Structure formats: C-alpha cells, structure tokens
Amino acid sequence: MSGVSPSALAEHAFLQGLPAEHTTRIAEAATAVSAPAGYRFFEEGGTAGQFWLIRSGHVALDLHLPGRPPLIVETIGAGSLIGLSWVAPPQEWQYGAQAIQPTTAFELDGAAVLALCDSDPVLGYQLSRRLLTVAAERPHATRIRMADLYAAPRRRVGTS
Amino acid sequence: MSAPALPARYRVTSSQAETHDTVTLGLQPVDQPIASHQPGQFTMLYAFGVGEVPISISGAPAGGSLIQTIRAVGAVTEALCSAAPGQMLGVRGPYGTDWGVASAAGRDLLVVAGGIGLAPLRPAVLAALAARERYRRVSILIGARSPEELVFAGELQAWRDGGAKVQVTVDRAAAGWTGHVGVVTQLIDAADIDAAATTALVCGPEVMMRLTARALQACGIAPQHIRVSMERNMRCGIAECGHCQIGPLLLCRDGPIIDYVRAAPLLAVREL
Chain W
0 MSGVSPSALA EHAFLQGLPA EHTTRIAEAA TAVSAPAGYR FFEEGGTAGQ FWLIRSGHVA
60 LDLHLPGRPP LIVETIGAGS LIGLSWVAPP QEWQYGAQAI QPTTAFELDG AAVLALCDSD
120 PVLGYQLSRR LLTVAAERPH ATRIRMADLY AAPRRRVGTS
Chain Y
0 MSAPALPARY RVTSSQAETH DTVTLGLQPV DQPIASHQPG QFTMLYAFGV GEVPISISGA
60 PAGGSLIQTI RAVGAVTEAL CSAAPGQMLG VRGPYGTDWG VASAAGRDLL VVAGGIGLAP
120 LRPAVLAALA ARERYRRVSI LIGARSPEEL VFAGELQAWR DGGAKVQVTV DRAAAGWTGH
180 VGVVTQLIDA ADIDAAATTA LVCGPEVMMR LTARALQACG IAPQHIRVSM ERNMRCGIAE
240 CGHCQIGPLL LCRDGPIIDY VRAAPLLAVR EL
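Quick mapping for you: the protein sequence lines, in order, are chains W and Y.
First residue of the first sequence? That's 0 in numbering that gives the first Met the number 0, and the numbers climb one at a time after it.
First residue of the second sequence? That's 0 in numbering that gives the first Met the number 0, and the numbers climb one at a time after it.
Derived from the structure by calculation, the hints contain no laboratory data.
Accuracy of the hints is not assured; some may be wrong.
Computed Cβ-Cβ distance ranges for the label pairs, DEER-style [unchecked claim]: (1) Y/Glu154 - W/Arg39: 56 to 62 Å; (2) W/Gln90 - Y/Ser13: 31 to 37 Å; (3) W/Ala134 - Y/Ala267: 37 to 43 Å; (4) W/Ala150 - Y/Ala152: 44 to 50 Å; (5) Y/Ala101 - W/Gln90: 53 to 59 Å; (6) W/Asp147 - Y/Pro32: 46 to 52 Å; (7) W/Thr141 - Y/Arg269: 34 to 40 Å; (8) Y/Ala152 - W/Val133: 28 to 34 Å; (9) Y/Ala221 - W/Thr141: 43 to 49 Å; (10) W/Gln100 - Y/Ala152: 17 to 23 Å.
Bear in mind the structure is a predicted one, so any value in this text is a computation, not a measurement.
We treat Cβ as the ideally placed atom computed from N, Cα and C, and that holds for glycine.
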C-alpha cells in the first residue's frame, strides 16, 4: 500500500477524468512526497525511473553548462508533471530538476506504471494521451521563447 | 473636440532607467498642460530637432504631469531616453482609446503583459488598485525576456500589497531566479480563472497577444471581454494622415485599445 488515496490522485489535473478503477490502480504505484526548496529531484544524466505529479510549489528544470552557472530551462508548477525521460530509452534524465519552493507531489514509479499500461491497454491509452499532451506542449512553449518576442525590434532605416 | 495638433512644452523632471534600453521619464508642463488622460492612451512625444513618436502613458493622471516609458529602438526614442532632467520636450495628446478599467467593476480583472507592454497597462493597474473594492480578483501576469529586462520590477511588491496577485515569468534565467521560467500563457493555464466574470487586458508583442488571447478563450473568456493594445505607425494622432491604418481602423483614433472581437481578424492577416 502506498498510502496515496485514489481520490486525492484523481484531483490532480493530469489524471482528471480517469475512471476510479484506473486511479485506484495508479495509486498503487504512487507515493506522496514533499520537498523543501532546494531539494533536487534528479540530476541530468542520472537513471530515469519515475515521474512526479506536482501538487503545490514550483520546480526548475535546469541544464549544466561548462564554465557557466546552471541554466533554468523551464519551471513547472502545480497541476503539471516533471520527468518524461523514463518513458523511452535510454531512460536517462535529460535535465536536472530542483524545487525552488517547498513542493509537494505524487511520485510515480515508472516501471510499475508501464506494467499497469501493459496489463490494461485502456489505462495505457489514457495515460499515453495525457503524456503526449505534456510532451507536445513543452516544445511549443520552448519554440515561442526561441522566437525571442520581447527582444528589441531589429533596426531598420527610418526606425524611430 | 480634437486634442490640439501643436505640441505643448514639457520639462523632464525625472529619468529612471528601467532596463538597459528602457527609461521612464517624468514630465511637467511648462505652459498649458495637455488634457487629462485615461489609462491606455498615448501621447506624441517630440524630441526637438530629432522627431516625434507615439509613446504610451505609463503613469496615473496627476495634475498636468506625465509619466512615460520609452524603449530606445531608433533615433527619436534614443533621444527621448537620453533626455536629462531640465530638458524640454514637446507633447501632443492624449490620444486614442483607453482600457475601460471602470467598466470591469464587479468583475475579475486579469492583466497580461509582455515585455514593455506593461508600460501602457501600468495606469490600468494603478487605477484598479486605487479603487480596489470595485473589483473582485485583480491578477497581473507578466512575461519578460529575463529578470534584468523586467520593467517596473521595483513596484511589483507594492501591487501585491495593494491587493493584486502578481506573477512573473521570464524566457531565460540563471540559477538563483526563484520565479517562473516559461511563456506567459503558461501562467494563464495555471491560473484560477472565472471565465464568465473576467475582463482581460493584454499588451505585448502581437504574437504574444494572439497566443494569450487564444489561451484566454480556451479558458472560456469571451472575446468581447478581452482587450488588446494594437500599435502601428502613428504620426498625426488625430486620424488625418492614415499612417496607422490597419484594416478599417485608424489606430490613433479607433485604438490602440480594441476588443478581441475586432482585433482577432486583424491579427490573423499577414503583412497587415
């Protein structure tokens, strides 16, 4: 028993709308965790075996750059999740993740969730759709930032 | 009656660097001041001998004085940004439509700003906080390129203390930044929005406004309750010259603030 109530799990935005029998099964792979500001959930390059559904607080995904301070790539808040690298080989964290505020989350064991998905294709389909949505939204947000919308306009002759 | 087309002389009384390329000037009339402005309106600021440009008013109405925030992007704006206290500038206006803050009384007010887009929204924020009891929740979501390029950064705590929920996100930040990193629409996704009772005021680059309006509509906010600030090349300020025409609108008169019902088709047209 993980001690995570299926009803609490069902309230998380990522799992909203799932049938109760699915959240009950997912709850068996979940652990409620709380982390102080500064706590490091994972390090870039480490083995990726789980993911976290953020309930409160704020987590920074960061990237280590040689000779420079770590770069915060994105921050993730309540209602979203951190950790997608466990889904596909080589199951290695692509970024680091550090709480920048006191954070609470449901930690889910990736291997256990994959086993659930294999044993119940309907549940697997539902989780896959949700993960796909997150995986699609993240690069969209990144591309918008790459557009550098707030940069000064390029100077043209006649710019006033 | 149209605002006069001749500039009134104003003296620079203060100059505050907001970022490396953005300055907020305090201006005091030397002669007869221009008419009192509404939040969202702009003036034509004239750097004598250099040129004249439209600049949003970024302060609350205060007698005849003005607060204006300028980003140096060309010869005129560079001259304005480098104007020192005591220097004389020409001012025409105020021109254009306003945010209509008072019409949002009894509703949630959601302000979404991108970059220097916070400057024309600042008077709306100050007006809402000065009459805080007239509004339900006041939320301010701000996107900036980096923490160093955030304008009015020193005021945000005062806005929070005045009853607004303020959130900031930046495109990029080094370790040590404890705010959000991401696009401003992600703050909308995470916000608790009562769509039927929310009026949204949005200002920033056009792409940001389009994406923001899309996110707001996805939350259920009707386009007539989303107001955006459109900019084009305003010259005369009195709808005579046509430089600022966009579709059927002359933005110096019909804008800069328009609702998203009218803005959406214009923002969707390339090269308009």
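The hints, checked one at a time:
no.	hint	verdict
1	Y/Glu154 - W/Arg39: 56 to 62 Å	34 Å, violated
2	W/Gln90 - Y/Ser13: 31 to 37 Å	58 Å, violated
3	W/Ala134 - Y/Ala267: 37 to 43 Å	28 Å, violated
4	W/Ala150 - Y/Ala152: 44 to 50 Å	18 Å, violated
5	Y/Ala101 - W/Gln90: 53 to 59 Å	57 Å, holds
6	W/Asp147 - Y/Pro32: 46 to 52 Å	39 Å, violated
7	W/Thr141 - Y/Arg269: 34 to 40 Å	24 Å, violated
8	Y/Ala152 - W/Val133: 28 to 34 Å	31 Å, holds
9	Y/Ala221 - W/Thr141: 43 to 49 Å	30 Å, violated
10	W/Gln100 - Y/Ala152: 17 to 23 Å	19 Å, holds
Violated hints, in rising order: 1, 2, 3, 4, 6, 7, 9; the structure is consistent with all others.
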